[in-house]
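Q: Sequence:
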Amino acid sequence: MTERSRRRWAERLLRLFPPAFRRAHGAELAELYAKRDAAFLELVWDLSKNAVIVHWDEWRLPKTAPRQKQRRGGQSMESTILDLRFALRSLRKRPGTTGMILVTLLLGIGSATTLFTAVDRIFLKPLPFDEPDALVRVWWRPESFNQRIISFFRDESRTLSDIAGYSGWAFTLAGEGEAEEIQGAVVTTNYFDVLGAEPVLGRGFLPEESEPGRADVAVISHGLWMRRFGGDPNIVGRRIDLTGPERNGVSVIGVMPEAHVSLQRESRWQAWLPLERPEDLENDESWFLSAIGRLEPGVSVKAASNETIRMARLVRKNMYPRIPEEAVAAAGAERLDRVIVGDETRNYLALLSLAVGMVLLLVCANVASLLLTRHGERAREIAMRSALGAGRGRVVRQLVTESLLLGVAGGALGTAAAGLAISAIRPVVAREAVHAAEMSLDVRVLGFAVLTSCGAALLFGALPALRASRTDVASWLGGGLRATHARRQGFPRLVVVFEVASSVVLVTAAAVMVSSLIHLGRVDPGFDAEPALIVGVNAPDSRYKEPAAKRQLYRELLPHLERIPGVRAAGGIHLLPMSTGNWNFPYVPEGMTYADDEPLPNANFRVVTPGYFRAMGIPLLSGRDFAPSDRDDAPAVGIVNETMASRLFSGEDPIGRSVHIFSPTGPEFVIVGVVGDVRQHGLDSEPRPEMYRPLEQWPLGRMLMILRTDGDPEALVATAREVVRSFDPDLPIVQLGSLGDFVAQSLSASRVVSALLVAFALLALLLAVVGVYGVASAIVSAGVREIGIRMALGASGARVRRETLRREMIPIAAGVLIGLAGSVFVERLMIGTLTKLVAAGPGLLVSTSLFVTLVGVISCWLPAGRASRVEPTVALRFE
288 MTERSRRRWA
298 ERLLRLFPPA
308 FRRAHGAELA
318 ELYAKRDAAF
328 LELVWDLSKN
338 AVIVHWDEWR
348 LPKTAPRQKQ
358 RRGGQSMEST
368 ILDLRFALRS
378 LRKRPGTTGM
388 ILVTLLLGIG
398 SATTLFTAVD
408 RIFLKPLPFD
418 EPDALVRVWW
428 RPESFNQRII
438 SFFRDESRTL
448 SDIAGYSGWA
458 FTLAGEGEAE
468 EIQGAVVTTN
478 YFDVLGAEPV
488 LGRGFLPEES
498 EPGRADVAVI
508 SHGLWMRRFG
518 GDPNIVGRRI
528 DLTGPERNGV
538 SVIGVMPEAH
548 VSLQRESRWQ
558 AWLPLERPED
568 LENDESWFLS
578 AIGRLEPGVS
588 VKAASNETIR
598 MARLVRKNMY
608 PRIPEEAVAA
618 AGAERLDRVI
628 VGDETRNYLA
638 LLSLAVGMVL
648 LLVCANVASL
658 LLTRHGERAR
668 EIAMRSALGA
678 GRGRVVRQLV
688 TESLLLGVAG
698 GALGTAAAGL
708 AISAIRPVVA
718 REAVHAAEMS
728 LDVRVLGFAV
738 LTSCGAALLF
748 GALPALRASR
758 TDVASWLGGG
768 LRATHARRQG
778 FPRLVVVFEV
788 ASSVVLVTAA
798 AVMVSSLIHL
808 GRVDPGFDAE
818 PALIVGVNAP
828 DSRYKEPAAK
838 RQLYRELLPH
848 LERIPGVRAA
858 GGIHLLPMST
868 GNWNFPYVPE
878 GMTYADDEPL
888 PNANFRVVTP
898 GYFRAMGIPL
908 LSGRDFAPSD
918 RDDAPAVGIV
928 NETMASRLFS
938 GEDPIGRSVH
948 IFSPTGPEFV
958 IVGVVGDVRQ
968 HGLDSEPRPE
978 MYRPLEQWPL
988 GRMLMILRTD
998 GDPEALVATA
1008 REVVRSFDPD
1018 LPIVQLGSLG
1028 DFVAQSLSAS
1038 RVVSALLVAF
1048 ALLALLLAVV
1058 GVYGVASAIV
1068 SAGVREIGIR
1078 MALGASGARV
1088 RRETLRREMI
1098 PIAAGVLIGL
1108 AGSVFVERLM
1118 IGTLTKLVAA
1128 GPGLLVSTSL
1138 FVTLVGVISC
1148 WLPAGRASRV
1158 EPTVALRFE
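Quick note: the sequence shown uses the working numbering, first residue 288, plus one each step.
You may find that some hints are simply not true.
[To be verified] Distance condition first, Cα-Cα at most 16 Å in a straight line; then the derived EDC-like pairs of lysine to aspartate or glutamate: (1) Lys-412 to Asp-729; (2) Lys-589 to Glu-621; (3) Lys-589 to Asp-420; (4) Lys-322 to Asp-333.
Bear in mind the hints are in silico, worked out from the structure with no lab data behind them.
Please work from the sequences and hints to get the whole structure.
A: Encoded structure:
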């Protein structure tokens, strides 16, 4: 916020203060808050809190106030204390109803507070950068940036003050305890300047540290500094054994603040290394960079996006004519916070927010209905108090005091439940939005809980209190006590309609999520996930820099792992299916020619060892697998998947044909086999063309070995770890666990959302059951005298039961019809915004409606049965 906007908002919020205080101190406070560097929500909270304090102090009155006013204030406080004591006694007299209301509030406020915590941490709290609203991600798909394009944007852009490049990277850290792989990034040297992020120790990168031979420096995260180096204050300047791209050790030059976050939601970066600038920028091959930019003052994201499209066309025209036109058309700029969170996470939270909002309204409506029924049962008491001189305002205040007391108690219980829920969901949320890892119950969340509980108390308490205060004293004290209560069932019936409709919508939403998960669970991923163990290692360049050393490492390590008892097959790959990373290379099949400005086809690129396809259960459709003889001095070979084979050579047999990578003159290999398709990018995505090369001919340091086992793979974890440690104690193990669990993580967010929606749907059903049962019971109790008269005149118990059921099924049927219409809309909305969902079809909607209807019938059956068993002689004497 600018100083001018802070002053304007401060002047508006000062209207919350008493007039005398505002006249005396308003100008001074406006000046003070204008100069304070405070966020908008902090400004609102601070001034609102102080306004309440000032009003409270004035209400209490100083000792020098007139004696009469002091007495009135004391009487008011005494009256409030009496109201609270009476409310406590009243609530204790009906423990069943009180307990039901408190449990309802606990569930409603607890779920709302839990979700608000996630929304607040992910969306409402700004990113910990300078002016984060001015940061944008600049992109086009499917191409990535290289340093040449970033340099072009930096020189030519008129909407961006600066632009930086970055790429997630895996580093190996050794020499300070057990060797480990840490996630980090290689960045252009202006990266921290563009973000507006300053280290808490040391400094960021200098421009000259992008030159070859001068890039052996690193900035580390606060967490790594504390965890690995014990918070050593002399860390700056210290040499550490951190190996990365072309670096075998770096000097630490800075430590980032604890709040600094990764720009990739699936990784938590712990180190940043400068990206070396190539000597020949015209032939730059660093096609792996993402780009962030800072907007010029006053420039909108839309303007930057339009300029990005224009500059992308220039890049295609003047630099890289093979970039596809559709990639240029998809170019643009987007706010950085939206990129970090991701549309899928936003849509999931929006769906859950809608569900929680409906549940919270259900809670308020249900509690209001319970209170209305409870106040109806206390009508004689209220009439007696009115007859003894209590005014309508006094009665309303007493009843609202009870509601506020319930709201505060329910809010406290809900907040405690939210704390437990947050601890449970934090790991899952952090996987989808890394900067949500530290979400907790802070002052903002507690403020939301207080406002929600008090607001809900006023919402569900006001209407019942006003209706109860209009009690006809003469009617109740004169013997017509049931007539008035019987006429007060309009609002509870509307509550039943709303509860049933909401239940249908929430049950349908949960059913759509669950059925979609079941559908995805039946999708064949192209490999056998169970039983298999992942053992990932990353060979540090400090000892395995040469390609021959990498080849020798895996040539010897894989047989050791395969000899573990219980292992049937072993093989390795550098990028597992369902992982977030991807290598995607252009290729040119033998005999195909492309114009200089014609885009080349692309395919996923994977490096594997002999035995990988057998270990994964991927079928070999034709040709042969890689063999130990496919070494660096043998002819270059490759394997393609079924999708790529169908696109090559116009459907002819690809075995024995050659493919060039990157360009028509790029590295060449001969196809020796065709394997089945694998859903590399998720169960909800179709297989893409894919080519495999043997590790011996494309040596890499990081590989993930798959061990196909006879039994539980988790039972071999300790043995596999010991084998790797005995082979090389300093070899970092980067992943160790079940392949099935790894695949299941790709659906973790969907599973959590499904579980929460099911929980909300069950809660809505429970509230509907309570509401329908409570309303039906109240109507039966109110109509006991009428039922007794009818039965005395010859009506049978079965007829009374049928009529009671028919009367109570009218609001249930109306709610089901309204909910069915709402479910159609919600299902279409979910299918349109959440990519992993499939349409449920009319059968699911009808089944959901019938299920909720059955629940409603069961809820009405007991009160209807009680009505049919009324004894006429008892009913006629009922008072």
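Q: To test your reading of the hints: which numbers does this structure violate?
A: none
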